[in-house]
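The residues making up each chain are set out below.
Number of protein chains: 2
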Amino acid sequence: MLSLRRLLCSKHSKTIPARNLSYTVRQILLGDVQHQQAITVHGWIRSIRKQKSVSFVGVGDGTSPVNLQIVVDRTLIQNLRVGDSVRAVGTLACSPGRDQALELQALELFRLGACDVTSYPLQKNHHSLRHSRKHAHLRPREPTGLAVLRIRNALTDALHRWFRDRDFTHVNPPILTSNDCEGAGEVFRITTESALRQHQASCSVEDSKVAYDHSGNAQPETGSRSVTSIPEFFDRPAYLTVSTQLHLEALCAALSRVFTISPTFRAEGSQTHRHLSEFSMLEAEIAFIENLEDVMTVVEDSLKDALLQLKTNTSEEIELIWKLSQRNTRHPSTESGRSSNLSGNNSVGSWDDFTRVASLEHQWVRMTYAEAILELQKQETSRPGSFLHSIKLGIPLQSEHEKWLAGTLIGGPVFITDYPAQQKPFYMRLNPSDLTTDEKSGIETVACFDLLVPHVGELVGGSLREDRLNHLLTSMDMHGVDKGNMEWYLDLRRFGTFPHGGFGMGVERFISWITGIENIRDCTMFPRWSGSIVM
Amino acid sequence: MLSLRRLLCSKHSKTIPARNLSYTVRQILLGDVQHQQAITVHGWIRSIRKQKSVSFVGVGDGTSPVNLQIVVDRTLIQNLRVGDSVRAVGTLACSPGRDQALELQALELFRLGACDVTSYPLQKNHHSLRHSRKHAHLRPREPTGLAVLRIRNALTDALHRWFRDRDFTHVNPPILTSNDCEGAGEVFRITTESALRQHQASCSVEDSKVAYDHSGNAQPETGSRSVTSIPEFFDRPAYLTVSTQLHLEALCAALSRVFTISPTFRAEGSQTHRHLSEFSMLEAEIAFIENLEDVMTVVEDSLKDALLQLKTNTSEEIELIWKLSQRNTRHPSTESGRSSNLSGNNSVGSWDDFTRVASLEHQWVRMTYAEAILELQKQETSRPGSFLHSIKLGIPLQSEHEKWLAGTLIGGPVFITDYPAQQKPFYMRLNPSDLTTDEKSGIETVACFDLLVPHVGELVGGSLREDRLNHLLTSMDMHGVDKGNMEWYLDLRRFGTFPHGGFGMGVERFISWITGIENIRDCTMFPRWSGSIVM
Numbered sequence: 050m051l052s053l054r055r056l057l058c059s060k061h062s063k064t065i066p067a068r069n070l071s072y073t074v075r076q077i078l079l080g081d082v083q084h085q086q087a088i089t090v091h092g093w094i095r096s097i098r099k100q101k102s103v104s105f106v107g108v109g110d111g112t113s114p115v116n117l118q119i120v121v122d123r124t125l126i127q128n129l130r131v132g133d134s135v136r137a138v139g140t141l142a143c144s145p146g147r148d149q150a151l152e153l154q155a156l157e158l159f160r161l162g163a164c165d166v167t168s169y170p171l172q173k174n175h176h177s178l179r180h181s182r183k184h185a186h187l188r189p190r191e192p193t194g195l196a197v198l199r200i201r202n203a204l205t206d207a208l209h210r211w212f213r214d215r216d217f218t219h220v221n222p223p224i225l226t227s228n229d230c231e232g233a234g235e236v237f238r239i240t241t242e243s244a245l246r247q248h249q250a251s252c253s254v255e256d257s258k259v260a261y262d263h264s265g266n267a268q269p270e271t272g273s274r275s276v277t278s279i280p281e282f283f284d285r286p287a288y289l290t291v292s293t294q295l296h297l298e299a300l301c302a303a304l305s306r307v308f309t310i311s312p313t314f315r316a317e318g319s320q321t322h323r324h325l326s327e328f329s330m331l332e333a334e335i336a337f338i339e340n341l342e343d344v345m346t347v348v349e350d351s352l353k354d355a356l357l358q359l360k361t362n363t364s365e366e367i368e369l370i371w372k373l374s375q376r377n378t379r380h381p382s383t384e385s386g387r388s389s390n391l392s393g394n395n396s397v398g399s400w401d402d403f404t405r406v407a408s409l410e411h412q413w414v415r416m417t418y419a420e421a422i423l424e425l426q427k428q429e430t431s432r433p434g435s436f437l438h439s440i441k442l443g444i445p446l447q448s449e450h451e452k453w454l455a456g457t458l459i460g461g462p463v464f465i466t467d468y469p470a471q472q473k474p475f476y477m478r479l480n481p482s483d484l485t486t487d488e489k490s491g492i493e494t495v496a497c498f499d500l501l502v503p504h505v506g507e508l509v510g511g512s513l514r515e516d517r518l519n520h521l522l523t524s525m526d527m528h529g530v531d532k533g534n535m536e537w538y539l540d541l542r543r544f545g546t547f548p549h550g551g552f553g554m555g556v557e558r559f560i561s562w563i564t565g566i567e568n569i570r571d572c573t574m575f576p577r578w579s580g581s582i583v584m
Numbered sequence: 050m051l052s053l054r055r056l057l058c059s060k061h062s063k064t065i066p067a068r069n070l071s072y073t074v075r076q077i078l079l080g081d082v083q084h085q086q087a088i089t090v091h092g093w094i095r096s097i098r099k100q101k102s103v104s105f106v107g108v109g110d111g112t113s114p115v116n117l118q119i120v121v122d123r124t125l126i127q128n129l130r131v132g133d134s135v136r137a138v139g140t141l142a143c144s145p146g147r148d149q150a151l152e153l154q155a156l157e158l159f160r161l162g163a164c165d166v167t168s169y170p171l172q173k174n175h176h177s178l179r180h181s182r183k184h185a186h187l188r189p190r191e192p193t194g195l196a197v198l199r200i201r202n203a204l205t206d207a208l209h210r211w212f213r214d215r216d217f218t219h220v221n222p223p224i225l226t227s228n229d230c231e232g233a234g235e236v237f238r239i240t241t242e243s244a245l246r247q248h249q250a251s252c253s254v255e256d257s258k259v260a261y262d263h264s265g266n267a268q269p270e271t272g273s274r275s276v277t278s279i280p281e282f283f284d285r286p287a288y289l290t291v292s293t294q295l296h297l298e299a300l301c302a303a304l305s306r307v308f309t310i311s312p313t314f315r316a317e318g319s320q321t322h323r324h325l326s327e328f329s330m331l332e333a334e335i336a337f338i339e340n341l342e343d344v345m346t347v348v349e350d351s352l353k354d355a356l357l358q359l360k361t362n363t364s365e366e367i368e369l370i371w372k373l374s375q376r377n378t379r380h381p382s383t384e385s386g387r388s389s390n391l392s393g394n395n396s397v398g399s400w401d402d403f404t405r406v407a408s409l410e411h412q413w414v415r416m417t418y419a420e421a422i423l424e425l426q427k428q429e430t431s432r433p434g435s436f437l438h439s440i441k442l443g444i445p446l447q448s449e450h451e452k453w454l455a456g457t458l459i460g461g462p463v464f465i466t467d468y469p470a471q472q473k474p475f476y477m478r479l480n481p482s483d484l485t486t487d488e489k490s491g492i493e494t495v496a497c498f499d500l501l502v503p504h505v506g507e508l509v510g511g512s513l514r515e516d517r518l519n520h521l522l523t524s525m526d527m528h529g530v531d532k533g534n535m536e537w538y539l540d541l542r543r544f545g546t547f548p549h550g551g552f553g554m555g556v557e558r559f560i561s562w563i564t565g566i567e568n569i570r571d572c573t574m575f576p577r578w579s580g581s582i583v584m
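Here the protein sequences line up with chains E and S, keeping their order. Sequential numbering of the first sequence, starting at 50, is according to our numbering. Sequential numbering of the second sequence, starting at 50, is according to our numbering.
Pulled out of the complex, with its shape left as it was, chain E reads as follows (with noise of 0.2 angstroms):
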């Protein structure tokens, strides 16, 4: 009944019934379907209950958490195994147990596809996520994988919305591009397989074996020798975007307001919990924004709906996790083997925490980068031996230390921001000097800002964009930046140039923090990282 309620009472659960399909389960648990109405349901076999004369069979389709009952006379479902896909014809009715308000009394249950229970390699209670990663393409119909699917869908729809509603535009930003320096880690080339052919046909040595080192780029050998070149596709090399954001600084600067929510893809070696190497980015541009202020208003204003919409269409689906994360730190297969107890400061763990999170009134925290080494520093004073790395003006934050500050110091979600100009890429705009870190340090510092969130550390990271062709000169020298071809993005600081900003959110990150899921591997159903493609 509870269940049903959340969904009547759901702000996006209207659903339109398609021309010519047969009705989902949501929409027949959301009241769309007249009682006593014959109508033909789909979906596969969740559970079976026999009892004397009729069994009730639980089916799902998988727009919905909750299975329908079907009540069924025992002697229609001999063969009938759970998995199996069938179609129930039948009349929908007020059910008289006390864990749903409708059931389907069936006059026929039809198996479409049998599934073999002993050879599925899923079986019930029997793997951890890390085993089910194995088996990426079952593992969307798991109850964790469903579950993450919709919370997804919500998040997406949520920020869709949110944007739109505020006249961005939502544009789509090209993935392939000729631009390889945007600064963020190794970047993955495109090549074809005739080209390959065509430059292997060409190459005499003997074939050798090459191993990636721990952190997965390969070893070259000493000495280079004069080499074969691979013929390329384009008239130049081309790459796998690491951020959108430079294509979308063009897209702004006709749009004035523009977001997306792209693929976007890093080759790094690091195998950490926190990367993939494709992921998903909802990143945003807003022109004639002169403060960064604005920007973290726009991050936090957004993320804020989109926490409430999650909490109105997917409470059950985070409970769920939740529950079963619970339950899973009572076996050795969480694999870092740290407590993955979800509530209190540590994560968004409780719908208490995702309401003072989401809350309106309460800003998220705003803090300097100088002012976060100064609590870094006052803690390990304190208690020394906190950290792993020691802090000083100007290093950068480790993932300790970003972990630290969200998840304890703060409790929640927190701003740092205003880095040092040197880590931190060239585009970003330089703060005025009175604005440097420390006025005896004279560390230069840029108008930026990471979003550091409890349990998963950095979820977003945004600046004002340096819109003034003289500095951003100066800063391309200073981060090394080849010139040649950034030409087109320097014409966006000749021909009306505008103040701007904007940021970066990762998806799955954002999955992680909300459902406490520690890995991001499994807040997406086919993840990709070094070594490891399925599918």
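Quick caveat, the hints were computed from the structure, so don't treat them as lab data. Glycine included, C-beta positions come from ideal geometry on N, C-alpha and C.
Pairs of lysine-lysine residues, derived as DSSO-like cross-links and limited to a Cα-Cα distance of at most 30 angstroms, are as follows: (1) E/Lys-183 <-> S/Lys-532; (2) S/Lys-353 <-> S/Lys-372; (3) E/Lys-532 <-> S/Lys-183; (4) S/Lys-427 <-> S/Lys-452; (5) E/Lys-473 <-> E/Lys-452; (6) S/Lys-360 <-> S/Lys-372.
Pairwise CB distance ranges (calculated): (7) S/Ser-168 <-> E/Gln-426: 48 to 56 angstroms; (8) E/Arg-415 <-> S/Gln-83: 26 to 34 angstroms; (9) E/Ser-102 <-> S/Val-414: 50 to 58 angstroms; (10) E/Gln-412 <-> S/Gln-375: 49 to 57 angstroms; (11) S/Gly-533 <-> E/Arg-543: 53 to 61 angstroms; (12) S/Gln-412 <-> E/Asp-165: 36 to 44 angstroms.
Sample of chain S residues at the chain E side, in silico, Cβ under 7 angstroms: (13) Thr-73; (14) Cys-164; (15) Asn-221; (16) Ser-227; (17) Phe-237; (18) Glu-242; (19) Ala-299; (20) Ala-316; (21) Asp-343; (22) Arg-577.
Add chain S to chain E, keeping to what the hints say.
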């Protein structure tokens, strides 16, 4: 006035002001701002008209096809030029002019960024779409570019809403895939800089130039020698997806109805007006559908809704492109030399066409491949030389055939169904033998369709998928598909297999169809094709 009225009655017109951001031109024109209220507006100067004491400055920010008229004392615009970015402060008032309902009476008009008109690469009235392609970063600011971007935004919005409202779950299948066998032309392969460095260091052959042949394939030398393999970043070769369909099927097996609007890639060398190396596809997959008609109905209903949404929300953008295109046909800059007169049957070129095509009462024509061949043969008989390629049962339809069927015979969208199995990928569902094209010919057909539209040809391709394990195995053998990497796909038929079908639609082709823009390279801002990648 017409513009404003159109905006005011627009269905999705109501926008929400974002905290801390100024009003957009669209929000102002929509009437979201009270008259006599002091406001700040930002944008770029599109026009300046000087009068004795005051000047009229048209300012646009890309959110609306209509500029905001700013009335300002003539002394305030001494140094301002078209292209400059500006901030205006003033009060909103009714305009006495007949071209607009509102104007901003500005007390201040401040230049934020200058635009050096003399060196600006895209001078007014001096360029074709082809010329502006070379300056891709400035193209979004051009009238055609802005219109295409806003049409695309409205299109993706309409599609998102249609599918979400009908219980389709929005998913993001991976771009990187280990499956290269989908039979959709040559694929891009992934590598890394460090892998290439490693490989080249161990390859001792002299540097040699390699050229692509006319179809973009590198010419392999004869006689393959022993070669060094390039180290893989993943544990096996990885490719860019040519279609997310196979992965969508795995998700469909969990969620029943899924859709995505996702980038896809083809490493084709062909230099046609219809092909890009990177393009966007709407793809949907639907479980428990047993009839090809039902898949076509989903296509037809969703696209008709999109057409109506575009008519409501972007009619001015579409009309602008029709108008500019007609002007261009008077110049030699039109590439192909063929007339791009958009009225009549050869395109959606008038609102009458639009309304007719989008009408829910008139079902789009559906005919089988065999019937289409008959029609083409009739045409060839009555007018010999109508086609370059000869026509008989069993041949693949050429672009000229497709354009004749949709453009001339039907004069609108037409579904061609039940193609010979041999022409189509392995995953399409084999028709019962009484549905073979012709009993005497004995050609086996599959339950598939192409949706052809005038001026573009194939816009959508779809099918029922082969859900029967034994038939799928036979089809894979027939198509020479290596099963080694496809066990996961076969598993979907082993465990709870289910009747299903789906389709894919090229987003840029849809834009080409409704705008009449001839070359698909102008239907996206940053096109990539064999030999060309700008930015």
